[in-house]
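Trainee: Just so you know, the sequences run in chain order P and D.
Going left to right, the first sequence walks through residues 8 to 170 as the working numbering numbers them.
Going left to right, the second sequence walks through residues 8 to 431 as the working numbering numbers them.
Honestly, the hints are just simulated from the structure, not real lab data.
Warning: the hint list may mix true and false statements.
Stated by the list, open to error - In silico negatives: residues of chain P with every beta carbon more than 10 Å from chain D:
#, residue
1, K12
2, K15
3, A82
4, G131
Claimed, not checked - Partner residues are not named here, just some residues of chain P that face chain D (Cβ under 10 Å, in silico):
#, residue
5, A76
6, I104
7, R125
8, T134
9, M163
Yeah, the Cβ is synthetic: ideal placement off N, Cα and C, and Gly gets one too.
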Amino acid sequence: MVQGKVFKYGDNVDTDVIIPARYLNVSEAAHLAAHCMEDIDQDFVKKVKEGDIIVANKNFGCGSSREHAPIAIKASGVSCVIAASFARIFYRNSINIGLPIIECPQAAEEISAGDEVRVDFSTGVITDVTTGKTYQAQPFPESIQNIIDAGGLMKMVAARLKA
Amino acid sequence: MGMTMTQKILAAHAGLDSVKAGQLIECDLDIVMGNDVTTPVAIKEFEKAGIQKVFDQNKVVIVPDHFTPNKDIQSATHSKMVREFAHKHGIVHYYEVGRMGIEHCLLPEKGIVTAGDVVVGADSHTCTYGALGAFSTGVGSTDMACGMALGKLWFKVPSAIRFVLKGKMPKHVSGKDLILHIIGMIGVDGALYQSMEFTGEGVSNLTMDDRFTVCNMAIEAGGKNGIFPVDEKTLEYLKEHSEKPYHVFEADPDAEYAATYEIDLSELKPVVAFPHLPENAHYVDEIEKIKIDQVVIGSCTNGRISDLRAAAEILKGRKIAEWVRCIVLPGTQAIYLQAVKEGLAEIFVEAGAAFSTPTCGPCLGGHMGILAAGERAVSTTNRNFVGRMGHVDSEVYLASPAVAAASAVTGYITNPADLEKEEA
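Construct the complete structure from the given sequences, taking the supplied hints into account.
Mentor: What follows is the structure, encoded as structure tokens:
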């Protein structure tokens, strides 16, 4: 269960605005977090607090395969990204590195910037504490939930190679 | 129910007789690729998990191409890390500056990828190799690390959109115009999680370079992969470039498609995609006069020899507009040399263009042609997102090499046919 204040964005938030390529010459998470969302929202880094939530419309994370994008978001302290849909490489990357993401078009449409939102990953229930409305997201398929439960893809790979 | 071409390749690599859309499967990988931006993150994950060796030294490919020749100390540090990893693990296909190229131009040229392969690359434009009849898709660094360790990766079997092509493209129209037209039609998430399968009698009229360009930008429609059937042109290309055994897969006649679009290639016209999304497609003939500051001709989308020929045909005997910087970047060293031998390099330099070593550089706002606030570029690259090539207040217009070259001459976004008309 996580709870935080919402940063709200529109359609097609691409990985170039999540973390511009000019910062990709360094791969440390803290460096990336310091520039997270810089080209779409210069205030994000100043305002984001541990546990906050990003809510966006369709095709979040489109563009480059750079894993630096979910790394930057995770290292910013963001506890969950809710979107109407995710670009597929961003989706895989988030699962693989343990950034919680949830697809829920209705929540993405109705939740406003600044709302206090709670996400229960075990039930897939998203609660907008500010408005009192709840939304039901689809749970992950079992094999994807297994990656999340293992603490990321490479933990599973390491266990498999030892077995 | 029958399978699509993509589904057949995935089934064969998962050891299954059949698969269906939505199924989660694990596939054997023929190639796992990374570059100087994505591989360092993959190496960290690989080593953090305590993995000692890569699954196959011949099947891991590393191409430092994004910030190379290294643009600064940090990128040099990343390249050094990647180089040492490649050396330590005996990576056969590691390509250093001077022998390298932009990954998606280089791998087909070196024959590393062939028809029927399953390829993953830690670069979103890995979908390029679908032109060869391979299943090829972009992944992130952790997936690359997993692929390097196991030689296997999980996939969700995609459904497909079918594009039935007929006819032949007119003069000055190329694969870039076709794919920009398609993205304009279906949108930047029009093929989200899906395959884009190209078929129909018109396929035979597309050159291999056109097909690479089309598949390269499947990701710009959200596609998991783009794929062409294997025909005589594919086999000719493979014969020239690769000794790897290949496998030809064909879609079943009763394969199911989420949607089918018919496109008459003869009706296409030069297209330009306006900022800040590749779906903002317009016919060049229908736009207002747009003054530009820079032109970039190259990249994994349009850095192949036929792209340079198309640009040179227009630049020959003409001059770049006084206020425009034109930068030409061949995709690989072999293409560079070919351009020199054919006299294309001379045409570019005579016209007043810069002719550079292969690099992804300006496409992603890395180096070698960054835009300042308020500047506009016409670029043969693949993305025109906010700040993609530099300042957040700069603008990128995506177009073909022919349109880019014509625009470099006039200083405004220009249809090459108009350039010829004006001078006649």
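Trainee: Against this structure, judge whether each hint is valid.
Mentor: Here's how the hints hold up against the structure:
The Cβ of P:K12 sits about 24 Å from the closest Cβ of chain D, beyond the 10 Å cut-off, so the non-interface label holds. Every CB of chain D lies more than 10 Å from the CB of P:K15, the least distance being 17 Å, so the non-interface label holds. Residue placement check: P:A82 keeps its beta carbon more than 10 Å from all beta carbons of chain D (closest about 13 Å). Here P:G131 stays apart from chain D, with its beta-carbon at least about 18 Å from theirs, past the 10 Å limit.
With its C-beta approaching chain D no nearer than about 9 Å, P:A76 sits inside the 10 Å limit, and its interface hint holds. The beta carbon of P:I104 comes within 6 Å of a beta carbon in chain D, closer than 10 Å, and the hint placing it at the interface holds. For P:R125, the shortest C-beta to C-beta distance to chain D is roughly 28 Å, which exceeds 10 Å, and the interface hint is violated. At its closest, the beta carbon of P:T134 sits 27 Å from a beta carbon of chain D; the interface hint therefore is violated under the 10 Å criterion.
With its C-beta approaching chain D no nearer than about 8 Å, P:M163 sits inside the 10 Å limit, and its interface hint holds.
Comparing the model with each numbered hint stated earlier shows that hints 7 and 8 do not hold.
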